[in-house]
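One-letter residues, chain by chain:
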Amino acid sequence: MFIGREECAIALRNYWENKGIAELVQILEFAQYPKPMDEEWQV
Amino acid sequence: MGWPQFKILSREGQERASSDLVSHVDSMPPQNTVPTFVSIGKENFVQGSVLIPWINTIDGHPHIARTAATQALRAIQGSPSDCRENLEFFFNLAAGTLDRCLNGICTFAMFASRHSDEYRRASDSIIASTLLAWIAYSADIAESSASSYFMTAYAQVFRTTANANANGIDLSSSSAELGQRESAYCLYSSFALDCANAWLIRNGMYPPRTTTFAQRKLYFTHFEDLNSATWHPATLEAANTTLGNLFEVCLTAALQFAKNELNLNFSREGADNVLQYIRAELGDADLHRALKDLYRSHQGTNTNHTTVVGQLTTRLFHRLRCVLLLHEILSQDSIYTGAQTPEAINVATKIVGFCGKQVIRRGGPIEDYYLQSWHNFSYLMLGGMGLPDDSPPAGRPSTDVSDE
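Just so you know, the protein sequences line up as chains A and B, in that order.
Going left to right, the first sequence walks through residues 135 to 177 as the numbering used here numbers them.
Going left to right, the second sequence walks through residues 38 to 441 as the numbering used here numbers them.
Hints were generated in silico from the structure; no laboratory data involved.
Where hints are given, some of them may not hold.
[Claimed, not checked] List time: in silico BS3-like cross-link candidates among lysine-lysine, alpha-carbon distance up to 27 Å:
| hint | chain 1 | residue 1 | chain 2 | residue 2 |
| --- | --- | --- | --- | --- |
| 1 | A | Lys153 | B | Lys296 |
| 2 | B | Lys394 | B | Lys329 |
| 3 | A | Lys153 | B | Lys387 |
| 4 | B | Lys387 | B | Lys329 |
Take the sequences, apply the hints, and build the full model.
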């Protein structure tokens, strides 16, 4: 299972705004199964 | 090296360990020192014994199984046209031979473990099992059997070690008191246990801690001695695999407990075992010494991302900070409150800051796509989770790490 970059960013923003456990679960899930960044996003 | 085509995304050290065994598995030179087995207690022995009934075949030749497994691994690294046919042939040969020989090994271990040849046979079969497990997992061949091969190696180690103890042989004795084959057995069994545990961790389980950092460094030193061109310094390899496992254990546990909390289940059942494992690893004095040495050599003003070792060391310390963050979170009564403690916020801020200062850029010496982006992404997610609302933006990329 891979999760897109945008979803991760949205999850972080939602957690910062709401501090909810659901968002926390999402962040931990995304940290476990992130989608590797596209070439264009590489620094 | 054919490993980048595989599905294994981390455990670089263990991947290369399996690969390196291809070239050197026949030699098994004697070791000068012997690792100390830890936690070979009743509980762990029972875990191994449960698997023994599965091993129920006639006698065979572990050396043939080991050689065939090595050839199967070589086939993966060969040309694509020959790969599949040779791979399947040698894999099946190794698997069949191993299957036939395991009962003989167990019988021999039970009644005649005072004989050093037993350890050679055990080493052969443990290596064969471990190689078959990695091949099954990574090369799309009998993938479902990978777990069985890891567990077979696991069971053989515990069985042989326990029988040695029962026969008055202390495998933690000094090398002078053990023969060459006993010493080699200790070395390869440590490696096999770590591979099997890595497999368990990757599948969401928390295995008992069965090897020490010193043991890991010992077998990586052995691999480095055999082929210094393939291997990074043993200290770095051992620290990398140790923190890799710790990171996965911490993350898996934190996610599990957070999901429970989401369902209003605030039970902490199992948390003590996880924390005990984490603290045992983090409290290993040899790991501390290794990290200090690596920091002095490759971090701060010595940071150098033009080398693989330099990049790997930076990633190692990114990973360490994430482990410390997750440990802090897991140490609290709930994941929810743990993520908001001052200590967690402090570590999270460090993580994001250092990820910004010490970016591991693409186009550098490490060309593995996942090695950079997968892990960096995880670290940023975890660090971002703990950032305070008034967090300043991360610093620009630099090598200034003096504020750690």
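Earlier hints that do not hold, by number: Hints that this structure does not satisfy do not exist here, as all of them hold.
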